[in-house]
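These protein sequence lines map, in sequence, to chains A and B. In terms of the numbering used here, the first sequence is residues 1069 to 1595. In terms of the numbering used here, the second sequence is residues 3 to 307.
One or more of the hints may lead you astray.
The calculated EDC-like cross-link candidates involving lysine to aspartate or glutamate, where the alpha carbons are at most 20 angstroms apart (straight line), are [what the hints assert, rightly or not]:
(1) A/LYS1301 with B/ASP66
(2) A/LYS1175 with A/GLU1283
(3) A/LYS1393 with A/GLU1321
(4) A/LYS1248 with B/ASP48
(5) A/LYS1222 with A/ASP1212
(6) B/LYS222 with B/ASP204
(7) A/LYS1571 with A/GLU1594
(8) A/LYS1569 with A/GLU1338
(9) A/LYS1183 with A/ASP1141
(10) A/LYS1301 with A/GLU1283
(11) A/LYS1248 with B/ASP120
(12) B/LYS77 with A/GLU1249
Hints were generated in silico from the structure; no laboratory data involved.
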Amino acid sequence: MPLKMMTLALAGVALAGATMLTPPAAAQDQKTITGGFDVGPGGFQGNFNPLAATGGFTWLNVYFEPLVNYNADLTAIEGAMATEYAVNPGQTEYTFKLAKETWHDGKPFTSKDVKFTVELAKNGETGTVFAARLGAVSSVETPDERTVVIKLSKPDSGFLATLTKLMILPEHALASFTPKELATSTWWATNPIGTGPFKFKQYVTDQYVELVADEDYRLGRPKADRVINRYFKNTAAAVSALRAGEIQFTYVESDDVPAFKGKNEFKVIEGQSFVVNYLGFNQQVPLWKDVRVRQAVMYAIDRQAIIDSLYGGAATAANCGYVAKQLVPEGLNAYKFDPAKAKALLAEAGWDKVNGTKPITLLTYYNTPQAANVMAAVQAMLAQVGINVVPRVVDTPTYNGMIYAASPDFNQFPLVYAGLQNGPDPSGLNIGLNAAQKPPAGANFLRIEMPEVTQAFDAALAETNQQQLSARYQNVCKAMNANLPWATMWVANRYGVASTKLKDFVWVPAPAGGPYNAHPEKWALEK
Amino acid sequence: MLVALSMLVFVLLRLAPGDPIDAYINPNVAMSQAEMAALRARLGFDQPLPIQYLAWLRAAVTGDLGYSIQKNGVKVLPLVLERVGPTVLLMFLALVIAIVGGIAAGIISAVQRNSATDVGCSVAAFVGISSPPFLTAILGLYVFSVVLRWSPSGGMLTPGTPFSLSDLLSHLVLPACLLSIGHAALIMRYMRASLLEVLNQDYVRTARAKGVKELWVIIKHATRNALLPVVTLIGSSIGMAVGGAIFMESVFNWPGMGLLLVNAVDTRDYPVIMGATLIIGACVILVNILTDVAYALVDPRIRVA
């Protein structure tokens, strides 16, 4: 029948037309490594200015380098642009011997670049996030081209950890900018010059960043010709690209891990997040003044059950802010799940009069499906002992806007579910727990004032003997365990997935993306 | 009108919780309020709101919409303008596919009324109309990119490769096809209903009685007349396609206005939100003016009134 034939033909032509419009995508060559290096909580897509970076250090460290850096286990700080360093006994003078290296434009790297960078990082007009962290730096001296001496006005046990995040910048390229101009300069995203194994080629807005090998890198010419950092709106999109074979690496949520485990073409990389998750008690509301109430919260939550069922066992219960063995002393209260004890403690504390079953907002910025399940489990467990929490999930800017407001409404966040970096430098918790860090000085937004905790932190921060440092932080742990400024929950593992074609690839789920010595010059893509 | 729009957007943005600095902070890596205050001061957010607005307006009237806070000083105007092209391209192809596919399926369904083909097309149309863009986008991505690997999973061009038309098309076809589904389904239903009505008209019966070939009756006599309500629908589809494009651009990382705006809202990038809204508003006003002018040209009664 002609009409039927014609209509079928029309449909066929439409279908074929759509299909023919889909030629295979242009293939990348074998020496190009493509990944979602800024996906996940450690990433910072779209930020190119290392002075203003609060994350994304995994990627920044592919073309910029710091003086010193963490090793890939995040257990020790080792040399990067500095081949060696020495510290005086008083911990106030750091002497660095510099590597012989050239910038990506061929100009020599010298001690003047280090001095320039440190001074720039201390200048708030550049939009730096280092100004306060480098506050103890009193002078930077350059006795010769290969030596830098940084003097501090007082010991700072976190100084080297701060230096790991400070990427060294070229004086010859940036000296002509005023500090204010640097804050908004397009130089960072158009033609930045570093000393890393790869040099910047281009940034295609919101799509990808492309780097090419630095032929004369001091540790050898990179094995790959190019490294491309693709941008994704979310982790799910990156996972799709990985499964489609378009990228060779991305961070993945723990829910995605089973889809990759045991598959020959993928390798799952697992590591500790160095972020302790906690229920934070807002001390500006009357609910949590009595330590017995805070203890009841700990006893009421079966943390191990949540870890086993919702994290697949890939988390470590935390009885203080730390889980690293050297920082956790013997004899801590493990707060084993005991709802009866929780109820008894609440009764002793007169919880019925303090709050009873009135709803308490549990605010969080964690918005993954896994976090939703965790919140639901916590809500159910607390409800069993008579604490009625109502989870409220908001996006990160909203969360930060609430907790860091100049005049916060404390009733908006009587209880929070949050996380804070607890390593590799253990002093990271100080800003959220020390009484001296109450806003505006620090980020103790829960207004915690517990003398024992504060004294323990102060002693640890002032410790100049590295051998004693762990013992000092054990005291912090003890104080946290006894006083419970937070109901510490766990330190969860985080995951990345790489193609098995990717060789000698190093990735660690470090907070803010590290940095750490990942040696991108060794990364290679197997045919 | 534009000043009122900009003022409204400015006030709404400031009422929303969180600002660009709040979006900048990784909550796992804390920062002090003093440091945040210094960053705010550098960006001028410590000034009273009227002063902030007037400063923005003063620059905007000279064509300077400021720079993106989250994109290292990139100027807003070129940033927004460069995103118009990709969005138009995506919407244009989606509408072409929707129009061609929808009309073709509508004709087939109407001509073969109550056949298996008609039922199949109708069921497909109902599914298409009922499927929200974010669902079709995610399902399409999974099936065609991850499982079948027929299409790239996102982006506009393969990173690091020179521009080629085939590469662009390979990235464009899947999001465009998925964006077209809802529109094609709607057009198909309208076309089918409209054609069925026309096929019962006397002039169609007359044409058949005169011995005109059936194909010719359908194409020349019936379809042309049945297209009138469909054309009206297509006009309104353009507006709806903008909403769908935002989802598609987010899922497929298509660098258009939608993705730019969603990212800007996520990061509270005030200058980009203000600039993009202003330009979209200007476009809408311009289109409305052009429409009014066109009406006046077409219908003299309007000019008289």
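Practice task
Report the numbers of all earlier hints that the structure fails to satisfy, in ascending order.
Solution key: The structure conflicts with hints 1, 3, 5, 9, 10 and 11, although it agrees with all the remaining ones.
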